[in-house]
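Chains A and B supply the protein sequences, listed in that same order.
Residue numbers for the first sequence follow my numbering, beginning at 1 and rising by one.
Residue numbers for the second sequence follow my numbering, beginning at 1 and rising by one.
One thing to keep in mind: the hints can contain errors.
Computed Cβ-Cβ distance ranges for the label pairs, DEER-style [stated by the list, open to error]: (1) B:Thr225 / A:Met587: 45 to 55 Å; (2) A:Met587 / B:Ser185: 32 to 42 Å; (3) A:Gly598 / B:Pro259: 43 to 53 Å; (4) B:Glu486 / A:Met689: 40 to 50 Å.
In short, the hints are calculated from the structure, not lab data.
Backbone N, C-alpha and C define an ideal beta-carbon position, used for all residues, glycine too.
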Amino acid sequence: MSVVVQDLWEHLPEVSLVTCGPEGVRWTEAIERSAVWSVPAALWADQNAIPLRWVDGALWWAVADPASWAVMQARVLSDTVRWCRTTLFDVKMAQWLLPLGEDNESRRFGAIAARRFGLSEAARAEVVARQRTSGGRFGEICLALGILTPWQVAEVLSEQTGLPLVNLLEPPEPLPASGALDAAWGLMTAEEWRALGMVPIRAAADELVVATADPFDLIGRVRLAARTRQEIRVVITGARDLEAVWAARYGREELTASVRQLADQQPENSARRTVTPRQRLLLIGVGLLFLACAAWHTVDTLAVVSSVLTLGYAILVAHRLWIIDRGTAQASVLQVTEEDLKGLDDSQLPVYTILIPVRDEAAVLPGLMAALRQLDYPPEKLDVKLLIDADDRATWEAARSLRVPGFVELVSVPVSEPRTKPRVCNFGLQRARGALVTIYDAEDLPEPTQLKKAWLAFQRAPARLACVQAKLSYFNAEQNLLTRWFTAEYGAWFDLLLPALHQARLPIPLGGTSNHFRTSVLRELGAWDPYNVTEDADLGMRLYKAGYQTAVLESITYEEANAEFVNWVRQRSRWIKGYLQTWLVHMRAPRRLWRQLGPRGFFGFQLAILGTPLMFLLNPVYWLLTSLWFASNWGVIPQLFPPGIYYLGMLNLLAGNFVFTYLNAVGAAKRGQWTLIPSALLTPLYWSMMSLASWKALLQLATRPSHWEKTRHGLADWTAALTSWQGGSPRTATKKESA
Amino acid sequence: MYDIVNDVSTAVNPTETTALPHPRRLPESAWVFISSLVFYLTVAVYLVYGEHYYAGDALSRVANAYYVLFSQNPHLGAIGMVWNPLPSVLELPIVALHPWFPQVVTQGLAGDAVTAVLGAFAVTHLNAILRTFSLPRLWRWALVLAFGFNPLVVLYSANGMSDMMWVACILGTYRGVLGYLETGSLRRLISGALWLAAGFGMRYEAVPFGACVIAALMAAQWGRTERAQWQGSGVLLGAPIVFAGMVWIYFNWMLMKDPLYFLNSAYSNLAQTSTGAYMTRGIVAADHHVLGALLYVVRFGFFYWPLFLAWPLALGLTLRRRADRRALVLVAGTVGAELLELALVYQGHLGEWDRYFLEFIPNGIVLTGWVLSQAWPWLSRRWLVWRGMALAVVGALILSGSVGTYFALQHSELGHPDGQVIDWALAGRSMKSTADNPFTEDQTVIDYVDQHPGMTILADTFTDWPVVIRAKHLNQFVITSDYDFEAILHNPRGRVSAFLVPEPLGVATLNAINRAYPNMWAGGVSWVRLLKSFPGGLNYRLYQVLPSAP
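Starting from the given sequences, assemble the full structure and let the hints guide the process.
Laid out in structure tokens, this is it:
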């Protein structure tokens, strides 16, 4: 040993581990047990070293000899550690006295759980088997599989580590409130406390006690130590206890953020005010100009308007033809093969958050739970949040009466305006633990391997890929003509339109569910706009504006198609209203949008977001004019269409309608739903319904822009759908038998 | 601090997909297309300027496009509601060059250019189809050359007629349907469907052809895919052509007030053949005689004689168990392409033209290719000598099919009227002096009209188009497609100066003036005065409209 090292060694403070209260050391107990558990024993147990405690922003270690010190310095490369000298006897005695347990069978989690809660051998074997494939912790897996409750896991951990157990849900005595504790909460943001899985429960000038459900977590201790000079002690509590404390502490803040975050941080992207004063002025100006021109030269004015709209419509028809061409091309979506999935190492998978907003969905909850159980993803890495409105008693009762899997958390979402799905999702997102997050609706039946496929897609794609949209289809396609049309339309949308946009790198309006995000990007963008009733389409545009990419994944989520006319009109009018809302929001500054999206993106945005509703708004006008012409030969009508425009209009009416019809038929075929093709050819009837919904949407946009027309689910025979889905094909659900 | 990943999202190491750079080469289909196009365009220029060759119906189609853009009332309806409109529609952009380059109309170059493009498409489609048959390269190229240089194919790829356009649609349909059956690619099926619908835009033969191909497509999948799929694929293939047919009927109804105007019109095929102008010995023998009609049609199979071997062989091979059923489409398509001709000749309504049977050539070649593709695996296992001999003999046989076309055209009925055209073209003999050459005939009428620019003349373009398209000022004429043609025909006083009347013989009896005033040409109408007679051709007479006219 060099003289320098010897000199440094001798200058280390000295500590006695066995006899407490040595001179020069201000601790009353030399080793703080929670500090020992915070560092994997494998890191130090083979050396004459042991962690002492977290204090002064660092982890203090005791080492018995310079050789061990040198090894440990190499292993823990950081300036957030401090060293003390001690004797070999002290280290060995401490290592012996502490129940470090890996080689001590009786100290193992499984053994304790078996002893205390009767964990069976079979269950233990199942957990161990899962542990081998996914690499999760024993307790986490027990929890996820529903073998143990969160509190039982905490009790086992407490016994295993010897750390105190604290009941925060029903504390024997109220937790002391103090300025120091408030200051402790202020050390980190809500998001950080949640991410690290800790809550401060007691604070003094020189000591901070935090409760956690994971006594082995190192990162939390490191981050916390970096913020405070206080000594950090850790006690154990249950996962639900933590949630309760966070909810009590941050509930209001999170609620506010879920409503206002986007509007406050990016008002230009928020639909809190759908039409800005400038836009209103512009609209009024254009309206007045039109009226003035019409009063001056009525027919000519109408002819100009008609020409512009006809041209626009022709561009839409051409766009749809282009979609058929691009959408039917090979490799227009991300493909993940069975081989890819087989080669996947489950231990590499991240925690995946699934947000499921439910309102008045008591009837579909059992099916939802079954679908979630079918997911091919390590359950301990699932963070499913069932977001239930606080005042939705029926759904709460149904949820409580179910045997909810351990990885599902029931989250009570406080009632507030606007009562929209995106607000609920924003609330849930703040509690998300996953590196990836997705949304499913309550009636969704996602392909079981979808999460793995999405993760692999993210792994393989460029870093700018922020969202992966899975395809949607309906399990009750054959229920009636309406569901057949709806399913064929979805086929065209998800199998032709979105893949074409994906391939051409154009902005993609996301579908309502099964869109998978990198959580960090979603948070960075301010998540969903709670005031926008098609928050999904809007988010797709904001992703594109921010330079992120969206891709379409070859994986299907089956939903329940609306089988009732009125219910369908409500849903469709909301979608169309949302598209118009999204267009108005992003077109507040067209030049800026042009810069942000680029020319291609800008025109892609116009065609997808404005074009879709515009087409359905215009259809009845043209149909009416054509019918009037045939019925009355009214001379004004031909004057509305100058010669070239007349032919274009005729082409729109005939070829356009055919192209859209054919698009639906091809979409159904591409998805393998050949039975839908005859119905798809009747699509023009479906459009009359679309137009009805569009005009309703336009009127509602003016009167109640952020009103969310809730879609009723559970109209199909869910049990049959679920059974056949489990059998591999969900397309057999029919009408629900009346009770 | 420690070697621990603390945030899973940063653990994701995205990998950029990189593609290896590769030299850009012109795909085979592109150079096949380009070289065919250049060849056919060259032939077209030679035929027009070297041979003064014309194809009357082709020029008529160009004339229709000309009226759409340049008549007194430019409107799409001027394209005519009798013959399938797509050729004229495709010619519109080229006809638009008329003010700068009148020959696109007066020499029919617009039509020639379109046929050359479609002819090149036909060769490209054929090559693509044969590629999927896994034939030895020698045979494939022999088949492509046999088609591309077949005398009738060359002529019809350069003369502006719709026949080669229709053949391109047939091959496009086959390419799509066969591709779908082979790979399940919807893109290919849609492509086939669109070519089939385009075929309807070219020729009415597309209807029975489409029906046969759709039935064959479904039959080829029957028992091998679910019922919904074979039915659905048939619907997808048929939807565009059905739609095209409905649009055509709709336009007939909207513009001519008769949804079946294209069948019932005074200018229709039925009306023309009813004049007896096209009756030949063969057609007379087939009139309402099943065997006669069948024989009349089948003998045109000599346009590619290996068809007589390939068709039954293909049918037999396809009916085996576990056979490749793609050939069903070809077998049915070959029949379907001739069904309309069969029906018309049976009813005595078929024109005497050899071009109606041009489809035998592509069908014969594709069927031959398919049969050979079935034989090749067996042959390829034989000794090298046998294999080499087989390659050479069969290659020669393939080419002999197109040589056979030339000989078949020497037959007076099989080769009417193109046997002589091809002979003359090969001999470099000019057709300038041909009696009814629209490039040269009626020059006296045109000169007279051009010398009287103030005169407005009513002319039925059904027969008078060679005059109308070559006159300096189209707007001197009130033509059939003008909105007020019918009104002026019956009340001409003060609205036109004169009527141009062809002698009412043959199809000229269908001329609107002759139908309205059958005696006018002979001088039997009192309110007109003969201005001038133009002997030769249709023996035009120009009658001045007198103040006593209605």
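Hint-by-hint comparison with the structure:
In this structure the supplied range 45 to 55 Å holds for Thr225 (chain B) paired with Met587 (chain A), their Cβ-Cβ distance being about 47 Å. As the Cβ distance of Met587 (chain A) to Ser185 (chain B) is approximately 39 Å, the hint placing it in 32 to 42 Å holds. Between Gly598 (chain A) and Pro259 (chain B) the C-beta distance comes to about 49 Å, which sits within the given range of 43 to 53 Å. Distance hint check for Glu486 (chain B) and Met689 (chain A): the Cβ-Cβ separation is about 43 Å, which falls inside the suggested range of 40 to 50 Å.
The structure agrees with every numbered hint stated previously.
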